[in-house]
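*Asks:* Here is how the chains run, residue by residue.
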Amino acid sequence: MSPAESHVPTAEEQEQHLRTLENSWRHPGGITGWLSFTTHQAIGMRYIVTAFVFLVVGGILALMMRFQLAQPNNTFLGPDRYNQFFTTHGTTMMFLFAVPMMEGMGIYLVPLMVGTRNVAFPRLNAFGYWMYLAGAIFLYVGVFQNAAPDVGWFAYTPLSGPEFSPGKRPDFWAQMITFTEVSAMCVAAELIATIFKMRAPGMSLNRIPLFCWSMLVQSFMVIFAMPSVMIASSFVLSDRTVATNFVNPAEGGDPLLFQHVFWFFGHPEVYIIFIPALGMVSSIVVANSRRHIFGYTAMVLSLIATGFIGFGLWVHHMFATGLPQIAAGYFTAASMMIAITSGVQIFCWIATLWSGRLRLNTALHFVFGFIAIFVLGGLSGVLLGSVPLDLQVHDTFFVVAHFHYVLIGGALFPLFGGFYHWYPKMTGRLMNEAVGKLNFWVLFIGFNLTFFPMHILGLKGMPRRIYTYSPEMGWGPANLLATVGACIIALGGIIFIANVVWSRRAGKVAGNNPWDAPSLEWAAASPPKNYNFEYLPVVTSRYALWTPPDERVIVTGLRSNRREVLATTLMDAQPDHRYVLPPPSIWPLLTAIAVTIGFAGSVFNEWYITWGSILSGIALIGWFWPRRPLELKP
Amino acid sequence: MRIISGVICCCSLMLISSCQREHRDIRPSPARLAIYGDAAREDLIRPGGPVRPEAIVTNPYNASAYDISEGSRLFDWYNCSGCHAHGGGGIGPPLIKKYWVYGGEPANLFDTIVKGRPNGMPSWGGRIPEYQIWELVAYVRSMNGEQPRSATASRQDIIQTNPQNVLQRPPGVTK
Amino acid sequence: MSGKHQSLNIAALCFAALTLTSCAGRQQSVVNPAGPQSGQIATLWWFFLALLSAIFIIVMVLTALTLTRRHRGIEQEPLEATHLPPPQTEAGLTRVVTAATILSIVILFVLLVTSIITGKNLSELQDRKNPMVIEVTGQQWWWQIRYQNSDPQQVLVTANEIHIPVGRPVMIRGTSHDVIHSFWVPNLHGKRDLIPSRVTTEWIQADRPGVYRGQCAEFCGLQHAHMSLWVVAEPPDKFKTWFDGQLKPSAAPGTAVLQRGQQVFMNHACIFCHAIRGTSASGQNAPDLTHFASRRGIAANTLPNTMGNLGGWITNPQNIKPGNHMATIAMNPPDLQPLLQYLESLK
Amino acid sequence: MTAARTLDVSELPPFRISIQAPLWWGQVCLIAIEATMFSILIAAYFYTRLRVDVWPPPGDQFPNVLLPSLALIPLILSAFGSYWASEAAKKDDRRGMILGLGLNLVLAIIFFVMRIIEWHSLNFNWMADAFGSYVWAFLGLHSFDFIAGLVETIVFVVFVASGRYGERERLGIHVDSLVWYFVVAIWIPLYIVTYWGPRLVETAQ
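Protein chains in written order, with the numbering used here: chain B, -2 to 631; chain E, 799 to 973; chain P, 4 to 350; chain H, 166 to 370.
Only chain B is shown next, with the shape it has when bound in the complex (with noise of 0.2 Å):
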C-alpha cells in the first residue's frame, strides 16, 4: 500500500475530525475516572514520578548509612537498623527506582516515537502500574513494620532462609519482587507488541529510533531474566513459609543453587536498568549534535549483542565460591566481551559528536557526564571479570564503587539528560539551562568525590556491609570524604527537583520541538493529547522530522469516533488492519487488587494463593466481559 494522492483533508474536516478525536480519547472524571485512565501519557507519568519518588527514598536511606559510616566505631544507626537500610536501598533502587523508571520512559516515549496513539494493551499497562505500586507499598510497610529485609538485596540462603531470619523480612523482600516481576513482565509484553505491530507505516525496523531499539532489547532481557529471579525469590519464600527444601542443604537442596539461579537474573538486571538509558544517550546526541548517529547499524547489533552476552556472565558474582578454572575462563571472556560491545557504541558517540555541531545544553552535559562515569566503571568492570583481581576485589567497597559508576553513571545520569530532554515534552515547558548546569556540576562533583575513595577503601581491605570500622584500620578518611560527596549529591537532588517544579510553572513555553529533533514524539503536541497525534504520521526516513515538510505523508481513513489505531508489518511497517483499543476501564485497579490480596496474605499463610486466584479470575472475567457493540463496524 503505497502513499497515494488522494484527497488532503480540508480544514473544517479536519476540525470536526479533531472534535471526535477529542471526544473519544477524552479522560473519565471523578476519582473512580483518575483510577482507570488508560493512557501511555497517564500511565507512564505516574510511573516515572513514582519511581522518583522512590528514588529520594533510596537516596535517603543512602545518606544515613554515608553517615553511620563518616567516621570509624560510629553508632548513629547500629548493625540492625543499618542492614535492614542497605538492603533497603539496593533493593527500592533496583526494583522500584531503576527499572520502573526506563519502563515509565518506555511507556511514555515508545507509542509518541513509533507514531502511534497508545500502547498496545492499555488495560494491561494500568495493571502493571496498580501492580508496581502495591509492591513499593508491600514493602515499605514492611520497612515501617521494623520487618525491612535485612540480609542483602541478593538475600543469599541460608542466611535469609527460615533459620538464620526469623520473623518476616526476607518475606517481605521476596514478595515485592514478585510484585515488581509481574509489573516489568506486563511492560515488557505490551512495549514488544506495540513496536513490532503498531509502528507508523514506513517504520521499518531500520528506521526505528535508537531508544525504541534499546526498549524492544530491554523488554525481551525483561521476558527471559525475570522468570529467574521470580524463581529465586519463591525458592526462598516457599522454603520460609511452607518448609520445601529447594535450598536447604540437610534436605538435598543447595545454598549456591540461590546464588546461581539468582544472578542469572541479577546479571541481566543491569543491562535492563541501563540499555535503556544507552538508548536515551543516543537520542540526546542526535538531537543536540544535528547529525544522523554515526553507525546505526553498529548500535543496533552492538545492543542485541549485549542482551544476549548479558545473560551468559553471571557467574562472575560467584568466582569466590570456587569454581573449575575452566569455568571461570569462560566467564572472564564473557566479561571481556561485553565491554567491546559497549566500546562500540561509546566510540559512535563520540564519532558523532566529533563531526557533529553540538548545542551544548544542560542534556548534552549530562551525557559528557555519563560518557566519563560510565567508561571510568566499565573498565573497573573489566577488572572484576579477570579471577584473580575478583578475588581481591570482590565483596569489597571497590565492587561498590564500580557498580555505583556503572548505575548511577551509566542509568542517572542519562536518565537526568533524558529528563531535561523530555521534559518540555512532557509539560510544554522548558527546564531552565543555567541551573541545569549548575545541577550537572554539582551532581558529577559530589559523584566522584562519593565514590571514587570507595575504589581506594576496597584496596585498603574495606568490606562492603559492615555497618562499622576500627580507627586504626585507617579508613575513616576516604570514608569522611565520600559522605561530605554524598551531602552534595543530596544537595544536586535538591537542586534538580527546584528546577522541575519552578520550570512547571514559569519556565520558558517550548513549543512543539524545541531541540529541532529528527524522532516523531516531537511532531507531537507538547503535552502530547491523550491521542499524540491528529493524523497518524508516515515515516518515509530514519529520521522523520528532518525530511522536508513537502515529503510528508500523514493516514487518513482511522475512525476517530473510536480508540482505533494501525497495525503495521512487522519487518517494514506496511498497514494490515486497524485496530481498535479498549476505553477506559476500572477492572485493571480491581484484578490488581485481587492480586495483591493473594500476594500478601501468602506472607503469612498460603492459602491467601488460593483466595487471592479466586478473586483475580472473577476481576478478570470483569476485565474481559464482552463489550458493547459485539460487532466492530468497519
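For the record, the hints were derived by calculation from the structure and aren't laboratory data. Note that the Cβ used here is the ideal one computed from N, Cα and C, for glycine as well. Please note that a few of the clues may not be correct.
[Unchecked claim] To give an idea of the interface, some chain P residues facing chain B are shown, with a C-beta separation under 7 Å as derived from the structure:
hint, residue
1, Ile44
2, Ala94
3, Leu96
4, Leu115
5, Asp196
Since the structure of chain B is provided, determine the placement of chains E, P and H on it from the hints.
*Replies:* Below, chains E, P and H without anything else, positioned relative to chain B:
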C-alpha cells in the same frame, strides 16, 4: 500525587502500630539478667512447687520471632536436645504434647527450667540468665504451635550439616 | 575533559588523605602483598591499572576534543541542510572507529590471557607432598581454627588466630557452621567463601614474617563487621614452639584466686559453650579458651586482649558486639575479678 | 502536521484474527515468560539431582508412571479441540467454536481427574526433601496454569453459547488456543522430568 500522599499516610499509621513479631531485644534489659542461683533448685518434697518469679507470669518474649529463634539455638547449645531430642523426647519426656506433668503455661515451663525436676531435669536457674530461660520457654511453646505461625521458623535450615562431618568427607563426595 | 580532571583531582585528594594514615591499615591491604599468591595478584593489578588508565585517558581526551570550538560548529557551516557531515569526514571516522574497536579487542584479549595465566599460576602454588592443612569453620561471628593432622595427638583446635610458618604453603580447608562466610586475608590471597555442607580450599603462603589481618567478606548477619582474624607468620622454629605450647592442656590454677576464678567459670553458663582443655569445660559452640591469654584479641578480634576489655566483654557483650551469641550474665564483682585473672592466666 | 500527501487506510479491516493481531504477540510474550520459568526450574532440578548420590532420596519411592502416561492421551487430544475452536473462530462458525471448546474442556477435565488420583500415590510431600519440593513444584505450577486455562475455556464457552460475542471474543478464542497449546506442550518435558527423570539419571550414574 494523591496516591503518594496516601502511601505516606498509611506508612505513618504503620509507624504507630508496633509489631511484636519483629521486635528484637538484642540488648536484654538489666531486669532480665537475674540468676536465680542454686537456691532455686527443686526440693523433692513439693514437685511442681510455687510459680517463681511471681512478678512475671506472661512470657515477655511471647510471639517474638527473634527470641523464639534464639530459644531454638539455645535449645541446641545447652544440649536440651540431648534428652528431649527436637521435641520428640528420648531420655527426657517429649515436648510436643498436650499434657504437661508440671504445667504447660509459660510460668510453669519457666519454673521447670529454673528449678529442674526430679528424675533428671537439671536446674538451670543457677547457670543461665532469666532472659534466656524465657527464650527457651517461647521456643518450647512454639513446638506445640502455641506461638503464632508467622513468628515461628518453618524448619531448621541446616540441622544435619555438622561441619566436622563435612570436613571429614573424602574430596569429591558432595552428599 | 572535565571528567578526567575531576577524577584525577579526587584521586590526588584521596591519596593525600591516605598518606596521612599510611602507617595504619597496611595489615589488610590488597596492594601490600606478603605471599606469592597476593604478589602475583598485585602485579596483575598494576598491569591492568596501567593499561586501563591509559585507555581511560585517551577516551577522555578524545571526548574533551569534541568540545572545542571547531566541533561545536562555531567556526563551521551548520549541518541543518543534510544533517550529515561531508562523506570524507564520515569515511575517516569509520576508519578510526573500526581501528579503535579492533584495538580494544586486542587489548581485552591480552588482559584475558594474562589474567588466565595468573589464575593458573595461583592454582599451581601447592605443596602436595606434605601439606599443612588448617580447617577453618566460619561461625556467626567468629572463626574456628583446626590444625588437621593424621596423628590425633597433633590436632590443635583454636580460634580467631592462625599461626603459620614462613615460606611453607598452607592448605585452608573451609566450611561453615551456619551461613555463608568468606575467608579473606588480602595480604596473602583473595577470598574463598565458606559454605555450609561444602568444603572449599585455598592455598596461602607467607614469604615474610608478620601479622596480617583478615576479615569475613560475605555478609553474614548482624555482626558481619566484627568477624576478623589474625594470621601470624613466624619463622618455622618459632612456629614450632608456639604450636607445641598450644597443644598442651591449660595449666592448673596455682593460686587460690585462680582456683576461685576457674570455679566461677565452671558454675556459670560459660561452660556450656566454651572448652578449656585440662578442665571439665568442653563446650563446642564458642571459641576454645585453652590458651586464651596468648591470643591478640577477644570477640573475634573486636578488641585487643586486655583484662579491662575482657571485663567489659564478659559483663555486657551486647554493648560491644550487639546481636552476638554470647550470654549476658550479670556477674557480681567478687566473682568477676577472679574469673578475669583466671582467663588471663591461660597463656 | 501539515502534509502534501495522505495514506488512506479506511479500506483496511477493523480487526484481524491472525498472527498480525498485536494481541497474538502479547500472548506469545507471556508464554515465553512461562516457558523460561519452567526451563529454569527444570535446570535447577538437574543441578540439585547431580549433587547427590541417591535420587530420589531414601524413603521416597519413584512416582509411578502408568497413570500419568495414560493421562497424556486426553491431554494431547484436547489440544486438537482447542485448534478446532480457533479455526472456527476465524471463520466465525459458532457451532464449531462450541464443539471445539467443549471437546477441549471434557478431555482436560478427564486428564485432571487422572492427575488428582495419581497424586494420592505419591508417598512424599514437598517438606520431605528437595526431590519432593521439585516434584510438587512441577505439579503445582502446571496445575495452576492448567486450571487457569480451564476457567478461560469455560468462560468462552459461556460467552459463545449465550451469543454475547464478537470479533474481540473470537480473537480471544484464537489467542487462548495458544495458551492451551503451551499448557499441553510444557507438560511433556515436565512429565518426562517428573516421572522418568529420576529413573533415567539414576541409570546414567
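*Asks:* If a hint holds in the structure, say so; if it does not, say that too.
*Replies:* To see whether the hints hold, each was checked on the structure:
1. Ile44: Given a least distance of 5 Å, the restraint on Ile44 of chain P holds.
2. Ala94: Result: violated, 11 Å to nearest chain B Cβ.
3. Leu96: holds (4 Å)
4. Leu115: holds (5 Å)
5. Asp196: OK, holds: Asp196 of chain P within 7 Å of chain B, min 5 Å.
The structure fails to meet hint 2 from the earlier list, while all remaining hints are met.
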